[in-house]
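Residue numbers (numbering that gives the first Met the number 0), protein chains in the order written: chain A, 0 to 419; chain B, 0 to 218; chain C, 0 to 147.
Watch out, some of these pointers could steer you wrong.
Using 27 Å as the maximum straight-line C-alpha spacing, the simulated DSS-like pairs for lysine-lysine come out as follows [claimed, not checked]:
(1) Lys46/A to Lys96/B
(2) Lys366/A to Lys135/B
(3) Lys9/C to Lys89/A
(4) Lys46/A to Lys202/A
(5) Lys399/A to Lys9/C
(6) Lys159/A to Lys206/A
(7) Lys366/A to Lys41/C
In case anyone wonders, no lab produced these hints; they're calculated from the structure.
In this text the structure is predicted, and so the values were computed from the model without any measurement.
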Amino acid sequence: MSASLQKGISVLKEVIDAPIASYFSSCVHCGLCAEACLFYTETGDAKYTPIYKLEPLRRVYQQEYTLLGRFAKLLGLSKPVTDAELEEWKPLVYDSCTMCGRCSLVCPVGNDIVYMVRRLREGMAISGHAPEGLVGASQRAVEIGSPMGIRLPAVKAQMKHVQADTGIEIPLDVVGAEYLVLMSSMEIINFPEYLAAIARIMKQAGKSWTLCSEAFEATNSGIQIGVSDIAKVLVQRIVDGAEKLKVKTVISPECGHAYTALRWEGPNLVGKPFTFNVLHILEVLDGFRNQGRLKTSGFEETKLTFHDPCQLVRRGGVIEEPRRLLNLVAKNYVETSDPGKMNWCCGGGGGVSAIEEAQELRFEAFKIKKTQLEQTGAKTLVTACANCRIVLEEGLEHYKMDIPVVGLTETIAKYLVEVP
Amino acid sequence: MNADLFLTWVRSTGLSIATGIFVLGTLWRLFEIYTMGRKKDLAVPRHRTGASGLHTMFRRSVPPPGMFKRSPTSYVAGYVFHFGLFVIVFLFAQHIKLIQELTGLSWPNLPAQFIDATAVVTLATMLLVLVERINKPVKRFLSTFGDYAAWVLTLLPVLTGFLVTKHLLLSYTWMLALHILSAELLLIFIPFTKLIHVFTLWGSRWYNGDVNGRKGVAT
Amino acid sequence: MSISNDIEFKSAMSDLSRAGQRLVAARFAENVLALSGDARVKGVINSAKRTDLTDDELAAAFQSAKTASVESFTQCGHECDWNDQAGHFVAEAALASVKPTEPGANPAWDAAMHARMARTCETIATGQGTDNAEATAQYRILAEFLNV
């Protein structure tokens with residue numbers, strides 16, 4: 000057994016807990032998880048069955064934590080997990096799983112399959128079986144501060160650009176501001192409209208906010224590749240920044256995994272509760288709406304629909320906020336089939352969009368979104384995650400569908416009644 | 000080996016062994032699983048009514064939105080045969096009598112004809128379940144020896160039980176002995192196969208509902 | 000007429016017809032075209048600059064611009080190459096010039112902003128810092144366009 004395989008199996012042993020033991024013991028091989036997974040439903044290939052993706056983890060559980068399993072191992076009757084097998088499982092665990100969590104919602108015996116995939120990735124990554132694209136992203140995240148290699152000068156350039164666009168000064172490192180605004184690399188690079196929208200909304204709401212020069216990045220590649228140590232470092236940066244600037248609330252941007260990483264895994268990664276609140280930008284906006292701080296005028300007349308980012312809605316619990324916000328500025332808002340927590344993944348989350356080899360599969364899986372959109376007859380697609388946005392645009396382009404994709408925050412900002 | 004001796008054996012020694020292994024085995028497996036514990040969640044939970052571990056323990060029995068049409072047989076057949084098993088095991092007069100002898104508890108039974116009909120439906124549905132497992136690509140792909148063995152172990156008591164009450168196939172004594180033996184085999188294997196899901200699914204659903212409930216997602 | 004700030008800049012353009020906005024937007028995109036290596040983008044700009052563009056040709060230019068734009072996004076998790084990203088914003092500027100818009104929209108302003116972002120990407124890539132004179136260049140372009 001190679002040293003790295005040994006490390007990998009060690010890690011797998013560590014991460015197995017009572018829930019995982021319960022899940023593996025309860026699985027009756029009914030296959031319903033496959034019917035919930037877009038990688039199976041759109042390809043018909045049974046190997047994409049979610050519980051099957053966990054086979055190496057299941058055997059480690061059996062061989063290490065069950066009496067019979069240990070006995071069998073002692074007698075040389077069990078099949079060990081090998082490097083070859085983990086390598087074979089790499090595309091199942093990474094390329095064909097966005098950690099969307101739909102499988103966890105449908106398993107009749109209650110198995111939280113996505114939780115187990117997240118844990119299996121820990122062992123895969125340590126043993127050297129994570130996809131190159133994710134390895135690079137995580138390394139850059141740790142060393143540079145952003146998985147896409149963004150450094151502070153780039154952020155400052157964006158700030159300047161947005162300042163010119165909006166006429167509003169973008170605050171940086173303001174101690175005692177109420178909100179610390181984080182951004183994802185995707186927004187910094189591809190969607191400067193997000194920061195512009197924040198600036199205008201905050202101004203209207205009369206709230207103090209700031210960016211942080213030492214913690215501007217919200218994306219957490221550690222979660223995607225499945226290395227908790229990396230995830231922890233990235234969260235700690237934000238914690239340090241938030242505490243240094245003494246903010247009350249940290250705002251997670253329109254990025255799915257950033258929210259999961261910070262809001263739900265964050266305190267567990269750093270080992271103690273946060274001294275500040277964490278809210279997704281949509282929660283903040285909905286809060287403003289509720290307090291009457293969000294003054295809008297005018298409506299989108301075209302028929303529009305919403306794509307629920309998995310990490311935000313199903314896995315994050317921010318289900319009604321996007322709908323309340325959209326109803327504020329849209330006259331013709333229609334839901335897709337399976338809206339809200341049961342919605343279908345864009346196909347690019349969980350690191351999949353960073354894996355070159357997975358692109359073809361991703362486009363195949365996209366057929367479900369394509370069908371959903373065609374059924375709504377919508378002319379515009381709104382979403383609240385920068386990665387979903389690009390994945391959706393690419394999917395729509397691939398299938399020659401002419402539907403623009405826009406961000407929700409930016410849509411709200413479009414209808415703001417400007418206070419001079 | 001004559002029929003009477005065999006029957007006496009399965010009713011006494013056999014029963015003791017089987018129940019012993021079943022109880023101790025199940026207790027051991029549950030201990031083995033749940034004492035592994037889980038880390039405390041340090042994130043601030045959301046509190047939304049209807050979203051909790053307890054809710055999911057029961058609500059997970061309902062097909063989630065959009066899922067029924069994807070595999071109606073899984074749901075319908077699954078419910079029918081599980082329900083059938085429950086009715087036969089717990090609402091048949093002879094079984095209730097056995098439980099009363101062992102534990103002192105008893106309750107009203109359902110008429111024998113009803114149990115008969117339930118047994119037939121259960122057998123037919125279990126056959127359908129097997130056909131599905133063999134025919135549907137995902138089920139076939141996932142299935143192991145354990146799945147087919149579990150099917151046989153579950154079917155035999157129902158089948159032999161039905162044959163006994165109808166006085167079919169072999170002499171009453173043999174048939175009854177085989178029925179009891181088949182039930183004992185089932186008991187012995189429950190803790191060590193996927194059949195343990197009878198107990199662990201409650202824990203699994205609870206964990207699932209709890210994790211999601213803390214995020215405010217009702218599953 | 001001379002334009003010296005963004006308020007004048009934006010309002011002068013909002014008075015233009017859609018075709019007029021297209022023509023000036025194309026010029027903004029053209030000013031940063033050197034930052035894009037995509038021949039399709041050049042093609043779109045050339046089409047957009049023509050006053051005799053037919054509806055079919057406009058639709059074709061729109062498709063081409065959209066494809067160029069979508070294909071040049073930097074993927075989540077990929078290392079960002081600021082030169083490539085500049086090219087993406089040039090494509091966005093070209094797209095803004097030819098995309099269908101609702102009445103009241105200001106696609107020429109969108110194109111101008113994307114063109115400035117393209118220039119910002121270039122200055123990030125070359126390590127020149129965050130200042131660039133694209134806005135002033137755009138004021139000049141607009142003034143020339145209006146005075147003709």
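Which hints from the list above does the structure break, by number from lowest to highest? 1, 3, 4, 5 and 7
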